[in-house]
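Asks: Listed below are the residues making up each chain.
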Amino acid sequence: MSGIQDWIANEVKTNDVVLFMKGTPAFPQCGFSGQVVQILDYLGVSYKGVNVLEDADLRQGIKDYSSWPTIPQLYVKGEFVGGCDIVREMFQAQELQQVFTEKGVATGQTAE
Amino acid sequence: MTTKATIEEKLTRAFSPTELGVIDESDRHAGHSGWKEGGETHFRIEVVSKAFAGKSRVEAHRMVNEVLAEELNNGVHALAIKTRAE
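Here the protein sequences come in this chain order: A and B. Positions in the first sequence are counted from 1; adding 67 to them yields our numbering. Positions in the second sequence are counted from 1; adding 12 to them yields our numbering.
Read the hints as simulated data drawn from the structure, not as lab findings. Here a beta-carbon is modelled for each residue, glycine too, at the ideal position from N, C-alpha and C. Where hints are given, some of them may not hold.
Just a sample of chain A residues kept apart from chain B, beta carbon distances all over 12 Å, derived [claimed, not checked]:
| hint | residue |
| --- | --- |
| 1 | Thr81 |
| 2 | Ser134 |
| 3 | Pro136 |
Computed cross-link-like contacts, DSSO-like style, restricted to lysine-lysine with a CA-CA straight-line distance of at most 27 Å [what the hints assert, rightly or not]:
| hint | chain 1 | residue 1 | chain 2 | residue 2 |
| --- | --- | --- | --- | --- |
| 4 | B | Lys62 | A | Lys89 |
| 5 | A | Lys130 | B | Lys94 |
| 6 | A | Lys130 | B | Lys22 |
| 7 | B | Lys67 | A | Lys80 |
| 8 | A | Lys170 | B | Lys62 |
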């Protein structure tokens with residue numbers, strides 16, 4: 068279905084930071100998704116969480132979108148950053164913080 | 013052949029790793045979505061191979077995911093990956 072691909076592309080392009088996950092940032096329904104939520108919250112990054120469990124087409128579509136077979140998936144400024152393991156490794160190596168800085172995404176003192 | 017053994021064999025063939033760890037963590041996810049009686053649904057793997065030299069994390073993980081595409085489509089619900097070049 069190209070419709071879902073267009074929808075994903077639009078989400079990724081119109082939001083600076085998007086996390087495709089199982090559950091919601093407030094209530095993750097998978098440990099791997101929960102880990103990425105914790106990291107993003109710790110860094111104080113504003114992001115949009117998209118719950119793939121709400122839609123079977125989306126759940127498959129996001130895997131096809133980046134040819135990445137697992138969820139969660141983090142996108143920053145339209146670019147695929149990685150899944151849970153990569154995000155955690157990057158965070159521990161201070162590389163994730165660098166990605167946000169380089170791409171002009173505010174961390175720390177966010178309003179909400 | 014168990015899924016664990018299949019994963020080990022495929023990774024060995026694809027990357028000739030100097031270190032390889034394949035751990036079935038399914039027990040730790042009992043009752044969670046994707047879990048099945050008998051395990052073999054959640055794996056953690058660590059691969060050390062020269063094949064990953066000069067690759068980004070995303071590239072290295074893609075290489076692993078491609079090798080295990082069949083398993084990911086058939087019963088393996090979660091795959092935690094760690095790759096290193098040396």
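Asks: If you test the structure against every hint from before, which numbers come out violated?
Replies: 2, 3, 4, 8
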